[in-house]
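Undergrad: At position 145 of the sequence shown the residue is numbered 138 (this note's numbering), and the sequence of numbers has no breaks.
Calculated from the structure, these hints are not laboratory results. Note that beta-carbon positions come from the ideal geometry of N, C-alpha and C, so glycine has one too. Worth double-checking, as some hints may not be accurate.
[To be verified] Now the in silico label distances, taken between C-beta atoms and shown as ranges:
id, residue 1, residue 2, range
1, R122, A13, 20 to 30 Å
2, H79, G139, 17 to 27 Å
3, D24, S100, 35 to 45 Å
4, D24, A196, 34 to 44 Å
5, G202, H79, 12 to 22 Å
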Amino acid sequence: MLLALDTATRQLGLALHDGAALILEQTWPSDNQHNVQLASAVAAALERCKITPSSLTAFAVAIGPGSFTGLRIGVAAAKGMAMANHAPLIGVNSLDIAAAGVPGGGSNALVACVAAGRGRVVVRSYSWRKGEWRPRSDMRLTDWIGLASSIDGSAIITGDIDAAGLETLADAQRQGIPITIAPAGYRLRRAGILAELAWAQRARSLLRGSTRRRLSRYT
């Protein structure tokens, strides 16, 4: 059983996944109270699913980009539990999690966003190849106007889009920029997606005969 934690931004997410099915998934706005809410939320989730902490055999955590404090809390919690259980810890990029929640297909590019504070976002472009969204650019820091003006060709925008972002992107659409804003249900960065990506990453690591550990990316 894998426990996945996402504390990269203002929302807090957790999921339990047994490798074949998603057992539990929760996402809620924590108002930057991750340090207060995380431990009790994990305990309640395990109790609800009748899972003991010692039966957790793998852990996954969002490693950024994101809030320094939020990431530190999630990474520290996941690392502590992984060490206690002598279990692997898999880190997954927050932008990759956001991208994977959007159905693929077609020729449109996808741009995933993670909030970086003060009206800024960290973004990365993806293209649909071999059944998954794959990065086609490096991560970069920008604002909503900069993002809208950088679109080259049709693109779907997903991830952390606040009210100012929605307004700016809608204005760009009215100006003829070929932007599609992903529906709200797809824009939510989900811990269940994090768990799925972590299982896939672990399977690839086992095939290579190694377990990857990655550091957090703070903004």
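Undergrad: Against each hint, give a clear statement of whether it holds in the structure.
TA: Here's how the hints hold up against the structure:
{"no.": "1", "hint": "R122 to A13: 20 to 30 Å", "in the structure": "holds (26 Å)"}
{"no.": "2", "hint": "H79 to G139: 17 to 27 Å", "in the structure": "violated (45 Å)"}
{"no.": "3", "hint": "D24 to S100: 35 to 45 Å", "in the structure": "holds (40 Å)"}
{"no.": "4", "hint": "D24 to A196: 34 to 44 Å", "in the structure": "holds (36 Å)"}
{"no.": "5", "hint": "G202 to H79: 12 to 22 Å", "in the structure": "holds (18 Å)"}
Hint 2 alone, counting from the list given before, is not met by this structure.
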